[in-house]
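Line by line, the protein sequences give chains A and B. For what it's worth, our numbering labels the leading residue of the first sequence as 1, then goes sequentially. For what it's worth, our numbering labels the leading residue of the second sequence as 434, then goes sequentially.
One should not assume that every hint holds.
Looking from chain A toward chain B, a few residues come up when the C-beta cut is under 7 Å (computed) [unchecked claim]:
id, residue
1, P44
2, F57
3, P60
4, A140
5, I161
6, E185
7, T186
8, M390
9, T392
10, Y424
11, N425
12, K428
13, L429
14, T430
Per label pair, the in silico range of CB-to-CB distance [as the list claims (entries may be wrong)]:
id, chain 1, residue 1, chain 2, residue 2, range
15, A, P261, B, R544, 53 to 59 Å
16, B, T629, A, E320, 25 to 31 Å
17, B, P638, A, E320, 32 to 38 Å
18, A, K116, B, G611, 55 to 61 Å
19, B, D796, A, P71, 42 to 48 Å
20, A, P60, B, G471, 36 to 42 Å
21, B, G640, A, D334, 37 to 43 Å
22, B, T592, A, P261, 46 to 52 Å
23, A, P60, B, R792, 34 to 40 Å
24, B, T592, A, V124, 52 to 58 Å
25, B, D650, A, E108, 49 to 55 Å
26, B, V627, A, G46, 52 to 58 Å
27, A, P247, B, G640, 40 to 46 Å
Rather than coming from a laboratory, the hints here were simulated on the basis of the structure. Glycine included, C-beta positions come from ideal geometry on N, C-alpha and C.
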Amino acid sequence: MKCVRWITALGFLLVFVAVHGDTNDEPERRALPSYGSTPEDLRPFGRFVEEPYKMFFVEPLEFTGPGREKPEPEVETVKIGLLTPLERTHEAYIGQPIFKGTKLAIEEANAAGGYKGKPYELVVRNDEGLWGASANEVVAFSYEDSVWAIIGTVDGANAHIAIRVALRTEVPMMNVGDTDPTLVETMIPWVFRNIPDDRQMAYALAYHMYRDVGYQRVAIVRADNRYGRFGVRQFRDASVRLGRPAPIEINYEVKFEHVNPEFTAQIQRLNRVNPDAIVLWADADAAGHLVRRMRDAGLTMPVYACERIVHPMFLDIAGEAAEGVVAGYPYNPDADIPELRQFRAQYRQRFGEDPNTFAAHAYDGTWMVINAIETAGLNRYLIRDALAEMDTYYGITGKAVFDDVYSNRRRVIMATVRDGRFIYNEPKLTVSF
Amino acid sequence: MITLIVALMASVIWTGVTAAEELPRIYTEWETFHEADGLPSDKTFSVAVDRDRVWVGTDRGLGLYENGEWTTFTVEDGLSHNAVLSLAVDPLTRDVWVGTMGGLTWISGGRMRVFTQFNSGLPNDVIFGVAVENQNVWTATTSGQGRYLVRKNSWEVYTPENSPQHEPWGYANDYHDGKYWAALWGGGALEFDVTTEQWQEYLDPDGHMEIALFRDDGIIHVITTGVSFREGLLWVSTYFGASSYDRMGTRRWRGYSDFDTGLASDFINWVSARGRVAWFGTDKGVSSVHYDTNRWVTYAPVNDPMDYTGPWEARVYQEDELIETVPLEQGLSNNFILGIDFQDDDVWVATSKGLSRGRWRPDMLGSR
């Protein structure tokens, strides 16, 4: 029996190393060993239950309803919806680059002749972040605008609300900016996501911080919204499963500037706990203020954060305090990909700024939708099928590898602030997800 | 001795039931309705029976079937939106409450009144579920549970601020025997006792999205899609399987999956119970189960689950063992099921491509 266990363990180790190694080769869809590439030591209840009653998301989602037989209608333009926070919301700094990346892709597709000579038309709706509003917007996209697919959105709650309506109205949604792991953990076969999620970020951070660096006590600081709550969840669980539970989890108010601009309570608690390091899930501006206040207060522990802080706003606000801060990141902007260099140059020329991860994933995601339309024709069901068949995709963000719930499981990297700017792929990870 | 007598009596009663009518029944006669027959659209989201009338919600209006004729109501007639997701009929007044993708419509005395989030206390315009509770009407929306007090013409709104909702995203609801139930997307099932006005939530005990740790420990997944409460039994549907809870008796949960029961598919859009039999609308057909016997009858295409134009059959299972297959002369209009309601002994089924009616024929197969 012991021998069998050792052979099983060795087999798992080989698969794990093959899949999670730090080579440039991304895993193939069918080679993913478990949902979310979850390693054995991070499996829920893995120490106590050999196998749960059911494991979800390990078979490809399917849509078994009718609709594929609907004929292609005559149209003047081929409409694609974009739901993204553009104004009157704290996430506009994410939504605006998504709009710009999407716009560039649509313009390129139209310059190449559109769909059978018909131009693509981007129908844009603002995701204001008001509770439930995204449901109304998807209804409008589906019945008033008659779009063929929708790109968006960013906020985890709004995205969840939107996909529930998309399930009923049967319109494909390509998400390019919501890293909430639970977005695709819903069984909805109309949802696709091309940006790696916070589950992957959390696993990578946990392995790096606990295994590579050897921290013992890592505190968690997060926004008191769904982004913060679900962003750190996998890191919190991973800390427990790796035998180093977080000594404290501290929230801050999203509207911190009105209620707690000095982050006094958070800094007092960090001072009291004195952790080895901090994991921070926050928006760029809040993170900038918090890190600056921390350093002003004499807190010198290393800070590891989410991808949202990789933004000029964080660097401007934090100033010198940003030095050494490490963030998880969904792709390498410095990768040697000619199309990526071209995109960055075009984006800079057009909008006067560098594209961030959201702009790049929006560009790739829009092209995924356009390719699906051109493969399938003007039928939402067939467009869905075309997207579902997309095991891999080579875009400006690199090779995307889609799992059974249509979420991109490309390995994430880290980025570190050096001399006032982010250096990508530093530190190099020994294990990535 | 007493135990023996009780057991014998139970056996006699049970034998009597079995001899007269084995549940769930096997419906062998199905009738279908499409746009060509007068339905507003083939895409039917919901169905609600009001005695001899049948109301059907579609993506292009509300249909009424009465005296063998179809009538269509749209926004031109005063409906709040043409996409009708949910329906409920007040059993006393016969008023109809119509949950659409653009507000709530109240049909009473031949007139329509529209409630939206801008002209009333309705939490959100997209109404996934509507249920009548005495003189009140509940709406399940993406922004919480709305309760319209008809006599007071006022609204109560329940969100995580004032009730134990892990997430406020209502997806379906039901009222029966003094209890209001809501299926919350990401929030499990929510119970409201009308007498005590106390709330209670039921979550997936393992707390993880990617697994169900044990079968019978509670709701199989926190993303729930339907609830139905009859005879003290709560039935909860999800896209991950189903669960039942003996709320008024043993307080035990039981889980159901397609691999260990006769359930057509784990992807369940709808659940409706009648007595101790629950009906599940899935993406691969309809299944019914009797709580006490775990006997299943599933109606599905014979070949591929999507081959709905081909032959259909009724499959009878005892737990997960297929014990009988009955060919159907006429199948349902489609395998993707979105709503179910009952009319006397008949069952009405809303599908993604047409409406179906299962006629109970005791003189035929089901009476064996």
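Hints, verified against the model:
1. Given the 7 Å rule on beta carbons, the hint for P44 (chain A) holds: about 5 Å separates it from the nearest Cβ of chain B.
2. A hinted interface residue such as F57 (chain A) counts as satisfied when its beta carbon comes closer than 7 Å to some beta carbon of chain B; here the least separation is about 6 Å, so the hint holds.
3. With a cut of 7 Å, the hint placing P60 (chain A) at the interface with chain B is violated, because the nearest CB-to-CB distance is about 13 Å.
4. Interface hint status for A140 (chain A): violated, as the beta-carbon distance to the closest one in chain B is roughly 9 Å, over 7 Å.
5. Against a cut-off of 7 Å between C-beta atoms, the interface hint on I161 (chain A) holds, since the closest Cβ of chain B lies about 5 Å away.
6. Nearest Cβ of chain B to the Cβ of E185 (chain A): about 4 Å, under the 7 Å cut. The hint holds.
7. Of the supplied interface hints, the one on T186 (chain A) holds, with its beta-carbon coming within about 6 Å of a beta-carbon of chain B, less than 7 Å.
8. Interface hint status for M390 (chain A): violated, as the beta-carbon distance to the closest one in chain B is roughly 21 Å, over 7 Å.
9. With a cut of 7 Å, the hint placing T392 (chain A) at the interface with chain B is violated, because the nearest CB-to-CB distance is about 23 Å.
10. With 7 Å as the threshold, the beta carbon of Y424 (chain A) stays out of range of chain B, its nearest partner Cβ sitting at about 30 Å, so the hint is violated.
11. For N425 (chain A), the shortest C-beta to C-beta distance to chain B is roughly 29 Å, which exceeds 7 Å, and the interface hint is violated.
12. Interface hint at K428 (chain A): violated, since its Cβ lies 29 Å from the closest Cβ of chain B, which is beyond the 7 Å cut-off.
13. Because the beta carbon of L429 (chain A) sits about 23 Å from the nearest beta carbon in chain B, more than 7 Å, this interface hint is broken.
14. Because the closest C-beta pair between T430 (chain A) and chain B is about 25 Å apart, greater than 7 Å, the hint is violated.
15. For the hinted restraint 53 to 59 Å between P261 (chain A) and R544 (chain B), the CB-CB distance of approximately 54 Å keeps it satisfied.
16. In this structure, T629 (chain B) and E320 (chain A) break the distance hint of 25 to 31 Å, their C-beta atoms being roughly 59 Å apart.
17. Distance hint check for P638 (chain B) and E320 (chain A): the Cβ-Cβ separation is about 48 Å, which falls outside the suggested range of 32 to 38 Å.
18. A hinted range of 55 to 61 Å holds for the C-beta pair K116 (chain A) and G611 (chain B), which are about 60 Å apart.
19. Between D796 (chain B) and P71 (chain A) the CB atoms are about 44 Å apart, so this pair conforms to the stated range of 42 to 48 Å.
20. For the pair P60 (chain A) and G471 (chain B), the beta carbons lie near 38 Å from each other, so the given range of 36 to 42 Å is met.
21. Roughly 39 Å separates the CB atoms of G640 (chain B) and D334 (chain A), a value that falls within the hinted 37 to 43 Å.
22. For T592 (chain B) and P261 (chain A), the Cβ-Cβ distance of about 28 Å falls outside the hinted range of 46 to 52 Å, so the restraint is violated.
23. Separated by about 37 Å at the C-beta atoms, P60 (chain A) and R792 (chain B) satisfy the suggested range of 34 to 40 Å.
24. Checking the proposed 52 to 58 Å range against T592 (chain B) and V124 (chain A) shows it is violated: the Cβ atoms sit about 29 Å from each other.
25. Here the CB-CB span from D650 (chain B) to E108 (chain A) is close to 52 Å, well matched to the stated 49 to 55 Å.
26. In this structure the supplied range 52 to 58 Å is violated for V627 (chain B) paired with G46 (chain A), their Cβ-Cβ distance being about 43 Å.
27. Between P247 (chain A) and G640 (chain B) the C-beta distance comes to about 21 Å, which lies outside the given range of 40 to 46 Å.
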